[in-house]
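All letters in the sequence shown, in the order written, are residues 50 to 395 by the working numbering.
One or more hints might be untrue.
DMTMM-like, lysine to aspartate or glutamate: derived pairs with alpha carbons at most 25 angstroms apart [what the hints assert, rightly or not]:
id, residue 1, residue 2
1, Lys263, Glu349
2, Lys328, Glu63
3, Lys263, Asp294
4, Lys138, Asp394
5, Lys138, Asp189
6, Lys263, Asp323
7, Lys83, Asp99
8, Lys251, Asp323
9, Lys251, Asp300
10, Lys251, Asp185
11, Lys251, Asp264
12, Lys138, Glu63
13, Lys353, Asp300
14, Lys251, Asp294
15, Lys83, Asp326
16, Lys353, Asp294
17, Lys328, Asp364
18, Lys353, Asp264
19, Lys251, Asp205
20, Lys83, Asp276
21, Lys328, Asp264
22, Lys83, Asp323
23, Lys83, Asp93
24, Lys251, Glu349
Just so you know, the hints here were simulated from the structure itself, not pulled from any lab data.
Given the structure is predicted, the values throughout are model-derived calculations rather than measurements.
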Amino acid sequence: MTLPTRKHSGLSAELAASFARLALSNITQAYPYKLDHVLTGLEDACHPRDVHPAFYGSYDWHSAVHMHWLLARLLHLNPQWQTTDLGEKIMHALCAHLTPAHMAIEAAYFQRPSAATFERTYGWAWVLKLQTALLDLAADCPPAGAWAQAVQPLADEMVARYQAFLPIAAYPIRAGTHANSAFALLLALDYAQSTQHFALRKLLTQKALQWFGKDQRYPANYEPSGDDFLSGGLMQAALMRRVVDGCSFADWWAVFCPAPHALQTWLSPVPVSDRSDAKLSHLDGLNLSRAWCWRLLLPELPAKFQAPVQSAISDHLAAALPQAASGNYMGTHWLASFAVLALVDP
Numbered sequence: 050m051t052l053p054t055r056k057h058s059g060l061s062a063e064l065a066a067s068f069a070r071l072a073l074s075n076i077t078q079a080y081p082y083k084l085d086h087v088l089t090g091l092e093d094a095c096h097p098r099d100v101h102p103a104f105y106g107s108y109d110w111h112s113a114v115h116m117h118w119l120l121a122r123l124l125h126l127n128p129q130w131q132t133t134d135l136g137e138k139i140m141h142a143l144c145a146h147l148t149p150a151h152m153a154i155e156a157a158y159f160q161r162p163s164a165a166t167f168e169r170t171y172g173w174a175w176v177l178k179l180q181t182a183l184l185d186l187a188a189d190c191p192p193a194g195a196w197a198q199a200v201q202p203l204a205d206e207m208v209a210r211y212q213a214f215l216p217i218a219a220y221p222i223r224a225g226t227h228a229n230s231a232f233a234l235l236l237a238l239d240y241a242q243s244t245q246h247f248a249l250r251k252l253l254t255q256k257a258l259q260w261f262g263k264d265q266r267y268p269a270n271y272e273p274s275g276d277d278f279l280s281g282g283l284m285q286a287a288l289m290r291r292v293v294d295g296c297s298f299a300d301w302w303a304v305f306c307p308a309p310h311a312l313q314t315w316l317s318p319v320p321v322s323d324r325s326d327a328k329l330s331h332l333d334g335l336n337l338s339r340a341w342c343w344r345l346l347l348p349e350l351p352a353k354f355q356a357p358v359q360s361a362i363s364d365h366l367a368a369a370l371p372q373a374a375s376g377n378y379m380g381t382h383w384l385a386s387f388a389v390l391a392l393v394d395p
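Could you put together the complete structure from these sequences and hints?
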């Protein structure tokens, strides 16, 4: 059977294959690894793979999760890969990692009292993004159904954590790093919509409106901070686009939109001074996530924004895409996922 090639502008076949090979390498590279693990005694000392048998690579847990998402997403975008050597390698890797036994251990880790805030909320969001991709992939890649079934208990745990945490979270986290609230809500909304989880969608929507619905003249010129990989303002705009209808979003944007001099901050890529620095290299991710957010927002923006935003998307991609495919491991262990978000993800 010949599987069709899906059209996806911006992501060439060569770049997609490069990202896939990079992700395959990352998810099995055990070290260096940044273990986020609380020791309550010597008995808690462990190797990363002991507690994270699926997500032990890619430098840290959340990057390992979204490198698996990247593989699932690329396989869905390129169904013809299923009959190629690259596709077989992807399917073999996902079969090896996303097993019921591995997922049971990953889910059990969250039951440790010391893991109450583990990966809140960035890693939670990426688990739901991964599961969304697996469910999408299962429609034309039969093995993905088993992967999704294996991951579902972990996804259920993440949903339960959102439902427990959001009602007691009085304030959003606006920083452009892992704890960013708008990013967490946006990725979880994808899952809620895909699975028709109406209670989760209602909670996410209510929280988005509560936290961001009344913002005015966002001070974009206060961004970025030194190790941002997200724009707090653009992320919340991308989120609000999802939770209000078109007319209401136009009204919201008119009030939220930064002043012209401040808006310029979001239209020009940021320079990166040292890509071997694990924190400073975040700024390559900021360039990619800005391109992603602008691409999401573009259809909803007034006519006067169309040309400058189109240029900004191109400029940000040109600045950061080369770093996603090759370079220092401080970037390559995670940037490709954000490149695919910027290029093709809805």
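Here is what the structure says about each hint:
Among the hinted pairs, lysine 263 with glutamate 349 is consistent with the structure: their alpha-carbon atoms are about 19 angstroms apart, no more than 25 angstroms. A C-alpha spacing of about 29 angstroms is found between lysine 328 and glutamate 63, which places the hinted pair above 25 angstroms, so the restraint is violated. The straight-line distance between the Cα atoms of lysine 263 and aspartate 294 is roughly 16 angstroms, inside the 25 angstroms bound, and the hint therefore holds. Note on lysine 138 and aspartate 394: the hinted pairing holds, with a Cα-Cα distance of about 23 angstroms set against a maximum of 25 angstroms.
Distance check on the hinted pair: lysine 138 and aspartate 189 sit about 17 angstroms apart at the alpha-carbon level, within 25 angstroms; holds. In summary, the hint linking lysine 263 to aspartate 323 is not supported, as the alpha carbons are separated by about 37 angstroms, beyond the 25 angstroms threshold. Distance hint between lysine 83 and aspartate 99 is fulfilled; the C-alpha atoms sit about 14 angstroms from each other, no more than 25 angstroms. Only pairs whose Cα atoms come within 25 angstroms are accepted, and lysine 251 paired with aspartate 323 is rejected, the gap being roughly 42 angstroms.
A threshold of 25 angstroms between alpha carbons decides the hint, and for lysine 251 with aspartate 300 the separation of about 21 angstroms falls inside it, so the pair holds. Taking the CA atoms of lysine 251 and aspartate 185, the gap is about 22 angstroms. The hint holds against a cut of 25 angstroms. Restraint check: the Cα-Cα separation between lysine 251 and aspartate 264 comes to about 20 angstroms, which is no more than 25 angstroms; the hinted pair holds. Restraint check for lysine 138 and glutamate 63: satisfied, since their Cα atoms lie roughly 17 angstroms apart, inside the 25 angstroms limit.
Between lysine 353 and aspartate 300 the CA atoms are separated by roughly 16 angstroms; this keeps the pair inside 25 angstroms, and the hint holds. For the hint linking lysine 251 to aspartate 294, the alpha-carbon distance of about 15 angstroms falls within 25 angstroms, and the restraint holds. Only pairs whose Cα atoms come within 25 angstroms are accepted, and lysine 83 paired with aspartate 326 is accepted, the gap being roughly 14 angstroms. For the given pair, lysine 353 sits about 21 angstroms from aspartate 294 by alpha-carbon distance, which is consistent with the 25 angstroms threshold.
Proposed proximity of lysine 328 and aspartate 364 is supported: the alpha carbons are some 22 angstroms apart, at most 25 angstroms. Distance hint between lysine 353 and aspartate 264 is fulfilled; the C-alpha atoms sit about 22 angstroms from each other, no more than 25 angstroms. Proposed proximity of lysine 251 and aspartate 205 is supported: the alpha carbons are some 17 angstroms apart, at most 25 angstroms. With a C-alpha separation of about 17 angstroms, the suggested pair lysine 83 and aspartate 276 falls inside the 25 angstroms cut-off, and the hint holds.
Note on lysine 328 and aspartate 264: the hinted pairing is violated, with a Cα-Cα distance of about 29 angstroms set against a maximum of 25 angstroms. A threshold of 25 angstroms between alpha carbons decides the hint, and for lysine 83 with aspartate 323 the separation of about 19 angstroms falls inside it, so the pair holds. Using a Cα cut-off of 25 angstroms, the hinted pair lysine 83 and aspartate 93 holds, with the two alpha carbons roughly 16 angstroms apart. Taking the CA atoms of lysine 251 and glutamate 349, the gap is near 23 angstroms; set against the 25 angstroms cutoff, the hint holds.
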